[in-house]
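Colleague: Based on the sequences and whatever the hints tell you, model everything.
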Amino acid sequence: MTGLALPRRDVFKAGLATGAAAMLPAGIAAAQQTTIPRNQTLILIKNGGRDGRWVDYALWNPYSIGSNHQNGPNIICEPLAYYSAFADKWYMWLAESYQFTPDFRQLTIKTRQGVKWSDGTPFSAEDVAYTFNALRDLGPKVKWGVDVNQALDEATVTDPNTVVLKFKIPSPRFFFFVTYKYDIGVYIVPKHIFQGQDWTSFKHFDIGKGWPVTTGPWKVVDATLSQKIFERRDAWWAAEQKLAPMPQIRRSIWLPNTGEQQTAQAMITNESDTAYDMLPASFPTMFRGNPKIITHTGQKPPYGYVDWWPLSLYVNNEMAPFDNRNVRWALSYYIDRNQIVEVGFLGASQVSALPMPPYKPLLPYFDAVKDLLAKYNTLEFDPKKGDALLTDAGFRKQNGKWTGPDGKPLTLEIISAPLGTFGPAIGPVVSEMLRRHGVEASLTLPPDFNDRFQKGQYAGSIYGHGGSIREPYDTLRLYQGKSIAVPGAHLVNFSRWKNPDFDKIVDEVYVTDPQNVEKLKDLFHAAMEIWLPDLPDIQLVQNHHRIPMNTTYWKNWPTADNPYINGASWHLTFPLVMWNLQPA
Amino acid sequence: MHAIYIVRRFLVFLVIVWLAATLNFFLPKLSGQDPVRTKLLEEASLGGYVHAGIEDMVKVYQKRFGLDKPLWRQYLTYIDDVAHGDLNYSIANYPRTVVGMIGEALPWTVGLLGLTTLFSFAAGTVLGALLAWPGAPRWMRWLMPPLWALHAIPFFLLGLVLMWLFAFQFQWLPIFGGYSAGANPALTWTFVFDILRHAVLPALSIVLVSVGGWALAMRGMMVTTMGEDYVTFAEAKGLRSSTIFTRYCMRNAILPQTTGLALALGTILSGAVLVEAIFGYPGIGALLFQAIEENDFFLIQGIVFTVIVALGFATFLLDICYPWLDPRISYHRT
Amino acid sequence: MFRYLRRNTSLVVGIVLLGILVIFMVVGALMVDTSNAQPLSVPALQAPSWDYPFGTDRQGRDLLAVMVAGTPLTLRIGFIAGILGVGIGAVLAFTAAYYGGIVDTVIRSIADIGLTIPGLLVLIIIAVSLKGSLTVDQMAIVVASLAWLSPTRTIRSQVLTLRGRGYVEIARLNGMSGPEIIFGELMPNLLPYLAATLVSSVSAAILASVGLEVLGLGPVEAPDLGMTLYWVFFNAAIINGWWWWWTAPLVVIVLVFLGLFFLTVGLDEIANPRLRRAV
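Residue numbers (this note's numbering), protein chains in the order written: chain A, 1 to 584; chain B, 585 to 918; chain C, 919 to 1197.
Keep in mind that the hints were calculated from the coordinates and are not lab data.
Among the clues, some could well be false.
What the hints assert, rightly or not - When the alpha-carbon atoms are kept at most 20 Å apart in a straight line, the in silico DMTMM-like pairs for lysine to aspartate or glutamate are as follows:
#1 A:Lys116 - A:Glu126
#2 B:Lys643 - A:Asp198
#3 B:Lys643 - A:Asp137
Said to hold, decoys possible - Partial pick of chain A residues on the chain C-facing surface, computed with a CB cut under 10 Å:
#4 Asn47
#5 Glu260
#6 Pro418
Said to hold, decoys possible - Computed spacing ranges between beta-carbons, pair by pair:
#7 A:Gly196 - B:Gly684: 24 to 34 Å
#8 A:Gln515 - B:Trp656: 52 to 62 Å
#9 B:Leu603 - A:Phe381: 18 to 28 Å
#10 A:Thr411 - B:Leu839: 52 to 62 Å
As the structure is a prediction and not an experimental result, all values here were calculated from the model.
Glycine included, each C-beta is placed from N, C-alpha and C at the ideal position.
Modeller: In structure tokens:
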């Protein structure tokens, strides 16, 4: 019991616990490790568990069906490289360097020397080649399989520290794809363990054998329904090679979420050091209860950082009357985005003019279209302009309601996801604003929202954009004609807007070197000259991750003043936070 | 005769099981939703990214879940699986099985509901009997209006008030969950104490409401019984009033009360689902709430099926116990 | 009449409570601008004040207006489902009780088996299976799909006791047909009983609909009582100290249930005077 180093509120309970520990069955007692003080322990509550339980505690192979890198494999499997969009900084990791051929049909990766897996086997280019070739062969059966399969022809090892990837098509973004950032990146697995296993069902979990095997500084010492416990390995190649400091954290306990209120309570009582994305309203409550709690923006709104996923009011561009750009712009003029921020998010948000986040590497592209945005102001709230556009489009207003040229009322059924914080939070606000200006809008949160949205069985929807974080290609691709009805949740043209000229520009962006910012800026401007007057979907607000961080035991959390990375414990970059934290 | 009665009752129980399974199978099919695809897309949207191969992945999953076969084959497979106690995998929590997840949640619900139901039944019965007894203290009459008022409130609304009062205002008791975050679920005093503290509010919201119901029903029964001739006769014989009260009135009034218990189980359980959901109590109700949120069809089906079967079985047991409890009911009558 | 009412206090209490609600709804509809039951109408999250006696919610709805607009919606669900349930139930019950035999066995078995199944769970399966969100009226129909079980069972047993009475036998001997006996002789004698069944069915239907709505399976934009509570839970109003947000719907719901409960008890007493001593 006491071995868990959890805070006990009073001596009485501690006494009971010690007494009870003597009666514990041997099996449970054996699982307890040496005592590590609370101030060397990092405790976090994760959203991954369901109903207060870990469902995937035995799954440490992130490719197996049912496992999720967000729940622990993200600190076990090290990547070829990390990328911090906040700092616009690369951390070359298991890869020392990489080089594309000029036609982007071949990629040579040099791997680090002197790296060992935790069972003593040396890490080498063989592991990298094995991972990629296996993903290519597995295809749709596992995560990332399709992406690798589409691009990769063959990965070959030319010497123990060099692997050469031959592509089927030019793939200038392949290395960025495999790099860890947010939730995207390819996990490199140990060939000597995974070879011969069925990746979809192999668990990679046996604490007695030292599994999961890792190159990182964390080993799994206990994983059960109620907690996952990691302890520091004192031999870590990256600290030896001075790429990173040895983490100060000696033990980390990951607990499953049992509910918003419970988590707020645990943060207040210092039983937890950080948690997941919480509701805006919970933050003032937590600050009142524990002044040591901070967020990315201190104790001020929006209590978090901008996620890569700006929210829009989507309308189906294949459906009349929303195939008419005047109607789309009219809807845009009817929406007061400040009210969405104030009422929908209690002030904890900000408006979004373009469907991508204002991240440092993307700012030049925002600047590049300043002139266009001045002309086509996607944030403007002006019902009169909206009225004029609808009148032009042949609509008439009777008794405060718009009727189309065909005599039918202008209706818009908005659907959004029942799960998640955005639909229920801002959906009613958006639909009410449209109703006030004569559009018969309504909101529903159907259980099969994702299916309907993806198949285009919708008129309106509130959803985000999974596009760019570093350069504009991914966001532009969201509006390419060929991305319509591509299955998936991101990189999909949900608005079903089509323009052949726009498509051509995007194809040109694809074969442009991502480092060639000047050329990309010109292309982006050209693309937006087509996109903005048409306004395929109506821009609303940025999406935020609001994560509480407790400075009672740990400091140097990533914040707006110190934005070395985003603070999400579920993202692939969380190891950076873990080696940056310092005892308070 | 006993055997025939029991067999007949058991057949009714089997029909309930079959009906529940069939309903469970066909209702979701009517909607034309594709649970696997919906699930995968939802996971994808939460996880931040999904690759283009989702259609293929849907096929792989559908095969795994047996959804690629014709409907009648699916139905037969389903009935066969159900007969073997296999309720498939949870879609949202693959590779966990529905049976496994229900198995974890069931003890919480059985514990909470079993204890609260028995306690409120016993307390309500005694209270109701006392309310009808002329010899009871006068102040007990004042208990009636609050009991009536409580009885008319849904469990979960009372839970809301209790939660606000004791967990938020006074902070005496935890607001959520079955045990503290980070507590080590082992058989220790700390943990048992922790569990009890978390159970107080959900239990209170069930007990306070249902005590009123049982008390009112019992009181009604008592008043009727006290008017019976044999009671008058007992009085005339000069028996002590407490003897008449316990031996003659209560004993006869308690029988219909027990019948009521069987009928009430379903209602109590429906109410408890909501109580668990709002308190985040890790039982069947909260699990169902999660399953609804995650649109996990198999888990929803599994829970509904399990609950129906469990209640059907409880009713079956009560049914075969009645004749034994009350000699006036013969096995022939039904 | 007055003297009878003095004896039947339950009926009086029920009528008074429901009367208060009706007055609240009628006066409210006249005095309060119900368009304020929509989001963005008033400043968000205001505690009760002179301007907003019930306070306002997170989306900027005036909770007084929400109650005025939402209470009738909730009652509407209850009445639609209750009337459908008792209607279907009565037809089935009369058919079963009058014709007896195999018809009776089938109907009785279905009702008996159906009643052992926890209704809310079946309603959840139905609601989840339906595509998209429900409207208020669809919600009522979903609830009605199970609301006939209990009336069928209770009305049937009531009809059975009447069927054996002398006047029914005489009517039959006089050559009256089945439907004639049902409508001419049985119905009038059962009216108070049917009324009591109706009221308790309405109450049960409201309970079921509020339950579904709290679980997030209701009409998202309707300002009815169950959806108001859904938003209370969604926004964790308890831990954030917004007590007024749930106080108003709570009080109204309790009033509704208490009123309906006492009305049922009172009507039962009319239907079955023998019970009078008991309650």
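Colleague: Mind listing which of the numbered hints don't hold for this structure, in increasing order?
Modeller: 4, 9
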